[in-house]
Amino acid sequence: MEDQDAGLHDMAAQQAAAERFQPGLEGPFVGEKTPSDAITQEYAKADPVYVEKTIALPQTYSHYRQIKGDGNCGWRAIAFAYYEKLIDLGDQARIEGEVARLMSLGSMLSNIGRYEYHEDFAEEAHGLLRDVAANIANPGLARVILLQRFNDNTVEANIIYYFRMLAATYLKGNAAIYDPFVADHGGIAAYCSQAIDIVNREIEHLGIVGLANLLLKPIDFVLEVAYLDRSPGSQVNRYRFPEEANEQDPAALGPTIYLLYRPDHYDILYRTPPVQAPSTLASNAADVQVNRVSSLTNNLAIHAVPGGEAGFPGANMDILSMLPGFGMNSLGPMTSMPEISPMTPPMASPVDDRYISSQQQPSWATPFPEPVPSQVAQQQPPPSFPPVVSPAPMTPSTSMTPSPTMMNATSIRSNSSSSSHLPGLVSNVRPADHTPGSTTFKNSVWNKAHYGNPDFHPEEYVPDDDHSDGRGSGRKRRKDS
Amino acid sequence: MSTKRITKEFAEVSQTPPEGFTVSLPPNASVHTWHITLQPPPQSAFYPGRFGILLTLPTDYPFKPPVVKFVTRLYHPNVTNDSLGNVCLGILKAENWKPSTKIVSVLEAVRNLLVEPQPDDPLEERIADEYRNDRATWEQKAKAQVTKYALEDPVFPATAA
Numbered sequence: 001m002e003d004q005d006a007g008l009h010d011m012a013a014q015q016a017a018a019e020r021f022q023p024g025l026e027g028p029f030v031g032e033k034t035p036s037d038a039i040t041q042e043y044a045k046a047d048p049v050y051v052e053k054t055i056a057l058p059q060t061y062s063h064y065r066q067i068k069g070d071g072n073c074g075w076r077a078i079a080f081a082y083y084e085k086l087i088d089l090g091d092q093a094r095i096e097g098e099v100a101r102l103m104s105l106g107s108m109l110s111n112i113g114r115y116e117y118h119e120d121f122a123e124e125a126h127g128l129l130r131d132v133a134a135n136i137a138n139p140g141l142a143r144v145i146l147l148q149r150f151n152d153n154t155v156e157a158n159i160i161y162y163f164r165m166l167a168a169t170y171l172k173g174n175a176a177i178y179d180p181f182v183a184d185h186g187g188i189a190a191y192c193s194q195a196i197d198i199v200n201r202e203i204e205h206l207g208i209v210g211l212a213n214l215l216l217k218p219i220d221f222v223l224e225v226a227y228l229d230r231s232p233g234s235q236v237n238r239y240r241f242p243e244e245a246n247e248q249d250p251a252a253l254g255p256t257i258y259l260l261y262r263p264d265h266y267d268i269l270y271r272t273p274p275v276q277a278p279s280t281l282a283s284n285a286a287d288v289q290v291n292r293v294s295s296l297t298n299n300l301a302i303h304a305v306p307g308g309e310a311g312f313p314g315a316n317m318d319i320l321s322m323l324p325g326f327g328m329n330s331l332g333p334m335t336s337m338p339e340i341s342p343m344t345p346p347m348a349s350p351v352d353d354r355y356i357s358s359q360q361q362p363s364w365a366t367p368f369p370e371p372v373p374s375q376v377a378q379q380q381p382p383p384s385f386p387p388v389v390s391p392a393p394m395t396p397s398t399s400m401t402p403s404p405t406m407m408n409a410t411s412i413r414s415n416s417s418s419s420s421h422l423p424g425l426v427s428n429v430r431p432a433d434h435t436p437g438s439t440t441f442k443n444s445v446w447n448k449a450h451y452g453n454p455d456f457h458p459e460e461y462v463p464d465d466d467h468s469d470g471r472g473s474g475r476k477r478r479k480d481s
Numbered sequence: 001m002s003t004k005r006i007t008k009e010f011a012e013v014s015q016t017p018p019e020g021f022t023v024s025l026p027p028n029a030s031v032h033t034w035h036i037t038l039q040p041p042p043q044s045a046f047y048p049g050r051f052g053i054l055l056t057l058p059t060d061y062p063f064k065p066p067v068v069k070f071v072t073r074l075y076h077p078n079v080t081n082d083s084l085g086n087v088c089l090g091i092l093k094a095e096n097w098k099p100s101t102k103i104v105s106v107l108e109a110v111r112n113l114l115v116e117p118q119p120d121d122p123l124e125e126r127i128a129d130e131y132r133n134d135r136a137t138w139e140q141k142a143k144a145q146v147t148k149y150a151l152e153d154p155v156f157p158a159t160a161a
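In the order they appear, the protein sequences are chains A and B.
Quick note on numbering: the first sequence equals residues 1 to 481 in UniProt numbering.
Quick note on numbering: the second sequence equals residues 1 to 161 in UniProt numbering.
Derived by calculation from the structure, the hints in this document are not laboratory data.
Be aware that a few hints might be false.
Unchecked claim - Quick list of the computed label-pair ranges, beta carbon to beta carbon:
1) B/Leu25 with A/Asn174: 40 to 46 Å
2) B/Leu84 with A/Asn174: 43 to 49 Å
3) A/Asp229 with B/Leu84: 45 to 51 Å
4) A/Glu52 with B/Asn96: 16 to 22 Å
5) A/Asp264 with B/Leu151: 49 to 55 Å
Just so you know, even glycine gets a beta-carbon here, dropped at the ideal spot from N, CA and C.
Taking the hints into account, I'd like the entire structure generated from these sequences.
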């Protein structure tokens, strides 16, 4: 069974990655593509509005990609997705056309944007387009190049700044339209100077508008942002850029970039292929949840995961890595890191690089019955790195990705309690134990302790827990017993 | 990457320096350290002093701001009155810095600071108070320090290459 093989191979690769793993404080700027029910798990411990919306999320968006939340995430997400979408389309002439088009914007950046040193920033952005175009015959390689560049801080800083300049230039060129929106800043030029030109300043609505109009609209790209916020409703709210795309028939829209917005943070989303029948989707989503939980409890449990979930092990590690760093930026107190580091290594990027390099894309989607043309490629042995790929820039610190999402007291607390508790999970839970009961799943209907679960069984109070370890962690212990 | 831009900027600044400035690279050092001499315009209390300024460009310039230090002492609300010569300049603060800002603009901001101190954003509280409340005394002391420290060619510290 091919999937089984792929899964086993994946395990071996993860094992190897685990041995090479060195804990790092910095997560990658752009993470790996991950099944998006990781978001559901992450939010299952949040308040009910989020929980409801996130449970629905994986049904629409099968995968997501975590973006580092250093104040550039919105810019970074759009920039990365722009390149990635061009690779998806696989049209070399089109990408080269983009180089020409962007170069032609140079004088606009000087004359309207009033940027004098834009060439250096632009060069990096154009260079990446050229390199992607040159390797488009091998999309896997093109993706590796893309991911590498975006995780090289000198390169990505230039590219992001270039995108900032593009957005600001568009806004300045249409000052008459946008001045009234930023009257309190003193006009659009002042707004750009205060809110776009400064590094690590997060993108705002106008920045997205600028990029959508100057970068995306001319090539018929659409940007759709799913807002995961506290607004009422059981689904995320969606808004498309450019504005007119909101009125158009979704089926008639051009290539669409999907972003997930959570307060102060953007990640990239990948929509489930529309060919899915809704019922199939739902049942698959259910499988996903159950399997994931089982392997979440223990590294070894991955062996017990039924074949066919080739994409899961990496994703599971990703979840683990989210537990400790959740909400913490790179500089957060990482004292607990060494303790949990043995858990997280399988997520280390070399594994994933390899798969990407061998046309990995479809393999992530194996839980969904979509065409998987690259089964053979999946089985390539680990040393199949393309020559261009030097694993070094893709630091193993990937695995420590502190989920740079919501900075709030809850997340910080969950950081301390969950990280201190992980070893307990490892030692106590049997691989075959499919009881979904980790903290992350507490409020999910997949949890047997949730009244909505068909196998509902109430939690039992175990007095020992309460004085074992302060707040919150008692819940987890309960499950272990 | 940044070296290319720095080289470009240095070429521009050294060929057509902003008024009052001379710029050079220290011998055997990288382009990340500039030796700058500033003679402020006559309307400045610091005229006719010549002030040495050490401009250091971080490795991740232009994404991090240049560091500007006076090597010549001066009696100024926004410059520490010591051998460090730290400068408080709005556009150089990390939260305000724009990678698109040219070094020329930084130099012009420094010159403006010598013409018009910013006592509301001081590094030397006492000098700022004096500047606000007793301008004559401040000017007298500033002139005295110009005479004492700033009439010779500035001496730059030896830079590690």
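Going down the list of hints, with the structure as the test:
1. B/Leu25 with A/Asn174: 40 to 46 Å: 42 Å, holds
2. B/Leu84 with A/Asn174: 43 to 49 Å: 46 Å, holds
3. A/Asp229 with B/Leu84: 45 to 51 Å: 47 Å, holds
4. A/Glu52 with B/Asn96: 16 to 22 Å: At 41 Å between Cβs, range violated.
5. A/Asp264 with B/Leu151: 49 to 55 Å: 54 Å, holds
Of the numbered hints stated above, the single one contradicted by the structure is hint 4.
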